[in-house]
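Each chain, letter by letter, is given below.
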Amino acid sequence: MTPFSYSRPTSVADAVAALAEPGARLMGGGTNFVDLMRKGVEAPDHVVDVHGLPLGTIGEASGGGLRIGALVSNTALASDERVRRDYRMLSEALLSGATQQLRNRATTAGNVLQRTRCTYFMEPEYPCNKREPGSGCPAKTGFNRIHAILGESEHCIATHPSDMCVAMAALDATVHVTGSQGDREIPFVDFHLLPGDSPEAETVLRADDVITAITLPEASGASRNSVYVKVRDRQSYAFALVSVAAGIELDASGQIADVRIALGGVAHKPWRASGAEGLLRGSAPTEDAFREAGEAIVADANGYGHNDFKITLAPRTVALALNKALGLAQRATGDAR
Amino acid sequence: MSDPRTVGVSVTVNGEAHRLDLDPRVSLLDLLRLHLDLTGSKKGCNQGACGACTVLLDGERVNACLVLAVSCDGQEVTTIEGIGTPEALAPIQDAFIEHDGFQCGYCTPGQILSSVALMDEAARGLPSVIDVDAPPCSAAELSDEEISERMSGNICRCGAYPGIRKAIHAVASGAASTSRVASGAAQPATA
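Chains as they are written, first to last, in the working numbering: chain A, 1 to 337; chain B, 1001 to 1191.
No lab work stands behind these hints: they were computed from the structure. One should not assume that every hint holds.
FRET-style restraints, in silico, Cβ to Cβ [what the hints assert, rightly or not]: (1) A:A299 - B:R1005: 53 to 63 Å; (2) A:A207 - B:T1039: 40 to 50 Å; (3) A:N323 - B:D1021: 56 to 66 Å; (4) B:C1137 - A:R331: 18 to 28 Å.
Calculated lysine to any residue pairs in the SDA-like style (CA-CA distance at most 20 Å, straight line) [what the hints assert, rightly or not]: (5) A:K39 - A:A18; (6) A:K140 - A:I311; (7) A:K39 - B:R1025; (8) A:K324 - B:A1134; (9) A:K39 - A:T141; (10) A:K39 - B:I1130; (11) A:K39 - B:V1026; (12) A:K39 - A:S135; (13) A:K324 - B:I1130; (14) A:K39 - B:Q1047; (15) A:K140 - A:S198; (16) A:K140 - A:G305; (17) A:K39 - A:D197; (18) B:K1043 - A:M1; (19) A:K324 - B:D1131; (20) A:K39 - B:K1043; (21) A:K39 - B:D1023; (22) A:K39 - A:P161; (23) B:K1043 - B:R1019; (24) A:K39 - B:N1046; (25) A:K39 - A:P3.
This one's a predicted model, so the numbers in the text were calculated from it and none came from an experiment. Ideal Cβ placement from N, Cα and C applies to all residues, glycine included.
Please construct the entire structure, taking both the sequences and the accompanying hints into account.
Shown next as structure tokens:
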């Protein structure tokens, strides 16, 4: 680790001010950041440790949903009774990620800002356009089993590693930010960027922005009857090869009134599948319809060799997740009758 | 004059208060091992993947290698040295011996801390991905599958997992033998 100075601001305003220092970086739980500093991928001059700021509670949002403080731990968020009941896919996504030790320490905002686990990004002896713009992307022709099939560019085929963010994208969450120019709200689906020709820019955050909270809209049938299905190389403690957050709400006649689909492990950001949702809304929830929706998502997908299997795996995982969500929706409809 | 790069930190470890000035790069694990001479917590991968460094921070298990020591100001840490003593092992330590829960023993301190935390988490009704709807509300209700999932942050390359699961089952169900503690025959069986 290269030397750095360290501060513990006691307010969001102080944290924003501390970020004005050149080379300053924010640290929450540090579960990803400390690792990257040790590897030399991150080399901040100054670390602004916000772990102690009073942003660690979950409360009611003004619109009727939930307001999740930036420093709520993954464990606390996954275990929250309201989250388990009303936003089930979020709880499942969090619990399927990492380990209990990491979930205890990791924070909501830190989860949003975690970096890709692309092997070439993580190892500074390799070139990487994300770590060092213009140096190249060895992943395209290298070992790319975990890499992107959607939304990638010739400059970067890395995936976003978060499970939580996939559920947040499907649930229409909003990111709340405070910076030197004041407060603003960013729809979750617009928060992360596709690589394009500047893969080093991963989010719309400005240098002195601090995430203060994430809000979820009021619970709905599609948020309650929802699941997170994660396919990985081993049963536990592994990143997703492909993951799907899906939720379904049925109308009185058993047709799909609302449906949410987002994918992880396939793109540079959580991949909200709005087109596939559009195909399903208002139609009957059949196995064929689920499979067609999944196929539509990968219609423009590209494989790079080792990750070609994801083009087959993704639609199957979408269909599986939708089937599970349908089961919950039918149970809910049955319970209501 | 103090080094401008060092930061003051107060931590309580196994009930004992410490006040140190540290380079902010020092991890909680290195604070324990190198500054406080508590070498029970092991440095395995040093990247949060193996769990050998697991300690309790304010009662919750964390990977000590991924926590900066200076960020623990005002917090309480429990290490394997705070769980039991060679003369009076904690029930879970006894059960690890009884059920052959370790071989080389390198991962064992972390496994023990994780086991202690796991039983507390179950008692608090924390869910795992196995069952979000109906988490167990006591450690005694944990299935093998649940224990495996909840212990997945602790890697044992010797493969002592069946023994570790048995040890946790034994303590969680109240069936653990306390004879070793009573007889004073509780010597760690490390090679």
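Do the hints match the structure? See the list:
1. As the Cβ distance of A299 of chain A to R1005 of chain B is approximately 54 Å, the hint placing it in 53 to 63 Å holds.
2. Between A207 of chain A and T1039 of chain B the beta carbons are some 41 Å apart, a value that agrees with the proposed interval 40 to 50 Å.
3. A beta carbon spacing of about 58 Å between N323 of chain A and D1021 of chain B agrees with the range 56 to 66 Å that was offered as a hint.
4. At about 23 Å, the CB distance of C1137 of chain B to R331 of chain A agrees with the hint of 18 to 28 Å.
5. Of the pairs offered as hints, the one joining K39 of chain A and A18 of chain A is violated, with about 24 Å between alpha carbons and a cut-off of 20 Å exceeded.
6. Distance restraint check for K140 of chain A and I311 of chain A: the Cα-Cα separation of roughly 16 Å lies within the 20 Å cut-off, and the hinted pair is therefore satisfied.
7. Between K39 of chain A and R1025 of chain B the alpha-carbon distance is near 13 Å, which keeps this suggested pair within the 20 Å criterion.
8. Among the hinted pairs, K324 of chain A with A1134 of chain B is consistent with the structure: their alpha-carbon atoms are about 17 Å apart, no more than 20 Å.
9. A distance of roughly 24 Å separates the Cα atoms of K39 of chain A and T141 of chain A; the hinted pair therefore is violated under the 20 Å criterion.
10. Between K39 of chain A and I1130 of chain B, the direct Cα distance comes to roughly 33 Å. Violation of the 20 Å bound is thereby established for this hinted pair.
11. For the hint pairing K39 of chain A with V1026 of chain B, the CA-to-CA distance comes to about 15 Å; that is within 20 Å, so the pair holds.
12. The suggested pairing of K39 of chain A with S135 of chain A holds, with an alpha-carbon distance near 18 Å, which does not exceed 20 Å.
13. Only pairs whose Cα atoms come within 20 Å are accepted, and K324 of chain A paired with I1130 of chain B is accepted, the gap being roughly 15 Å.
14. Distance check on the hinted pair: K39 of chain A and Q1047 of chain B sit about 9 Å apart at the alpha-carbon level, within 20 Å; holds.
15. For the hint pairing K140 of chain A with S198 of chain A, the CA-to-CA distance comes to about 16 Å; that is within 20 Å, so the pair holds.
16. A C-alpha spacing of about 9 Å is found between K140 of chain A and G305 of chain A, which places the hinted pair at or below 20 Å, so the restraint holds.
17. A C-alpha spacing of about 25 Å is found between K39 of chain A and D197 of chain A, which places the hinted pair above 20 Å, so the restraint is violated.
18. With a C-alpha separation of about 17 Å, the suggested pair K1043 of chain B and M1 of chain A falls inside the 20 Å cut-off, and the hint holds.
19. Our distance criterion of 20 Å between C-alpha atoms is met by K324 of chain A and D1131 of chain B, whose separation comes to about 14 Å.
20. Among the hinted pairs, K39 of chain A with K1043 of chain B is consistent with the structure: their alpha-carbon atoms are about 16 Å apart, no more than 20 Å.
21. Between K39 of chain A and D1023 of chain B, the direct Cα distance comes to roughly 18 Å. Compliance with the 20 Å bound is thereby established for this hinted pair.
22. Only pairs whose Cα atoms come within 20 Å are accepted, and K39 of chain A paired with P161 of chain A is accepted, the gap being roughly 18 Å.
23. The suggested pairing of K1043 of chain B with R1019 of chain B is violated, with an alpha-carbon distance near 23 Å, which exceeds 20 Å.
24. Taking the CA atoms of K39 of chain A and N1046 of chain B, the gap is about 10 Å. The hint holds against a cut of 20 Å.
25. For the hint pairing K39 of chain A with P3 of chain A, the CA-to-CA distance comes to about 13 Å; that is within 20 Å, so the pair holds.
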